[in-house]
Amino acid sequence: MFDFLLLVRNENMKLYRRVRTWIMLGMITLLVLAISIIAKIVSDGDVDNWSMMSIETMVLFQLVTIFTVVVSADSVAGEFSTGTIKLLLIRPWSRSKILLSKYISLLMFALVQAALLYVLTFVVNMLLFGYGGSIVAQETFNSNMNPLGYMLVYYFYQFLGLIIIVTMAFMLSTVFRSSGLAIGLSIFLLLGGSTIAGMLSMLDYAWVDYILFLHLNLTQYMGGSESSGMTGEGMTLGFSLSVLAVYYVVFIALTWLIFNKRDVAA
Amino acid sequence: MELQTYSGPIVQLKNVTKVIGKRTIIDQLTLDLPEAEVFGFLGPNGSGKTTTIRMMVGLMALTNGDVIIRGHSIRTEFEKAIRHVGAIVENPEMYKYLTGYQNLLHYSRMVPGITSQRIDEVVELVGLTSRINDKVKTYSLGMRQRLGVAQAIMHKPSLLILDEPTNGLDPAGIRELRDYLRKLAKEDGITVFVSSHLLSEMELMCDRVAIIQSGKLIDVRSIRHEGEAAAAVSNVLFEVDKPDEALRLMASSYPGVPAQNGVTFMVDRDTIAAINTELVNAGLKVYGIRILNKSLEDQFLEMTGGENIV
Ligand SMILES: Nc1ncnc2c1ncn2[C@@H]1O[C@H](COP(=O)(O)OP(=O)(O)OP(=O)(O)O)[C@@H](O)[C@H]1O
Ligand SMILES: [Mg+2]
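First to last, the sequence lines map onto chains A and B.
Each residue of the first sequence is one higher than the one before, counting from 66 in the numbering used here.
Each residue of the second sequence is one higher than the one before, counting from 758 in the numbering used here.
I should point out that these hints are in silico values taken from the structure, not numbers from a laboratory.
Hints should not be assumed to be uniformly reliable.
Cβ-Cβ distance ranges computed for the label pairs, FRET-style [to be verified]:
| # | chain 1 | residue 1 | chain 2 | residue 2 | range |
| --- | --- | --- | --- | --- | --- |
| 1 | B | E881 | A | M92 | 24 to 34 Å |
| 2 | A | A330 | B | D976 | 45 to 55 Å |
| 3 | B | G778 | A | V315 | 21 to 31 Å |
| 4 | B | S979 | A | I228 | 37 to 47 Å |
| 5 | B | K973 | A | L90 | 37 to 47 Å |
Quick look at which bits of chain A chain B covers, simulated, 3 or more residues with Cβ under 8 Å [stated by the list, open to error]:
| # | region |
| --- | --- |
| 6 | 113 to 126 |
| 7 | 149 to 163 |
| 8 | 205 to 212 |
A virtual CB, placed ideally from N, CA and C, is assigned to each residue, including glycine.
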């Protein structure tokens, strides 16, 4: 068979030819600029670039996740809603590969946003607040690591959580075949999930430990491998990763199974 | 390609059956589509045309039976079978936020060997050259239909499936499409499978028509075209001043049937002239001669009982 990458290119074309995508990338850019400039104006010189980068990343990575979830939830369902799925599936490609091309382009979109956020928060804050040396960085992050390296690890952990939640949205997109429902439900789970899980985690049941939303924020392990956040005592990075891996496999299996089996009656 | 060696019907539907829930929507449909023909698929609303087409292109699973395209089963060798198919299923839905050209580019990347010249060629062919770089959301229904045809023929399929392709086309567009489909069948040897309930339309376009009702195939019949008309027998009305005398006169050679204002005969083309001469020689006045062939529409309504949607 010929080039699978052409399928990914098609998906990218459909993604980046939409105004929506550019509004999302524009919003990330504008918010970084806005937050940094406001901080520059109100602060009296005691703010360093690392703490700004860290705060902005914490807030705006949530936005990156939301944007990617919206695009994922619309990815398959949107083709069903508009009926374009029919012309897409009558090509000499298996449904699995078409689905894979969509999934890859979504992860690439998440990566593009994360890279944009990383570069912007570093460059903008350095220009506004100057380059804080290693002592400043050490104070901010409480770690001896190179600050850019530390941020990279932070992004990596965040990205793992993002992959899981995006895969869940992608699954909902395939199951419901309606963009509105898939987007709504995904956002609800993304925003409400951690709240509900937080409440449940106060209960003393064994199964509570296996709730997905308790494990999505892996950055809580950055101080050391023991959890410091809401996951509660006794949780380790290894345990969280195992739980996430199981969810991931289930999401992927269901998505591909359903997409391959479904009659297309759009 | 391996296709050159394959001979036999391009497409075979074998006992194609679809059951959804407890309803049998398509019931053991068996049909061979020969090469180089425009094959009509006629049926009232809800008779199962679109469902059949969905199964032929692998969008719906078959409950039973199989569809073989150029020797490949759509069930077990989907990619090989679909490679030779171009289709529009129901409405030609395209990506509205892309231009017409970007839509074609999108589909062209999914089948090997489609050059940019080929894309330009089909754009020209469907008459969209001046609008191809506009977003599809600005297109009229007919323009979308044309773009749909373009994506279906772009990879030179050997089976072209069109579900109600004239929907939304203006008379000139319908005529162009009709001529083009006949040309595709005759010159390029493509099998064209067209569904429609525009019956008169099918008569002009198709070599053969399969009629389906409530998911069952009820008839397959050939349709004559101009060239073959001479030899065929048709029902001809002679308008004359004295019908009774005309009947008596012709009784021995050509039995006729009395009709309003005249007599009808089942005869071929040459006999029409002969009867006319005899009537005139006998001193009758012939006011008019009309061929009364039942249109497919009449036959169709007769067959399906002109009934409502089931
Ligand atoms: N997904 C589905 N679930 C249940 N029934 C269905 C489904 N799709 C179609 N049907 C039923 O199958 C029958 C055939 O529908 P189909 O769309 O194939 O008809 P059609 O011949 O294309 O009609 P039309 O001329 O209106 O386009 C209809 O009675 C319809 O209600
Ligand atoms: Mg239909």
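These are the hints, each one checked on the structure:
1. E881/B <-> M92/A: 24 to 34 Å: violated, 42 Å
2. A330/A <-> D976/B: 45 to 55 Å: violated, 27 Å
3. G778/B <-> V315/A: 21 to 31 Å: Given about 28 Å between the Cβ atoms, the range holds.
4. S979/B <-> I228/A: 37 to 47 Å: Violated, since S979/B and I228/A (Cβ atoms, about 59 Å apart) do not stay within the stated range.
5. K973/B <-> L90/A: 37 to 47 Å: Violated, at about 55 Å.
6. 113 to 126: Violated, because only 0 residues of the region 113 to 126 of chain A bring their Cβ atoms closer than 8 Å to Cβ atoms of chain B.
7. 149 to 163: holds (count 9)
8. 205 to 212: Check failed, 0 qualifying residues.
The structure shown violates the earlier hints numbered 1, 2, 4, 5, 6 and 8.
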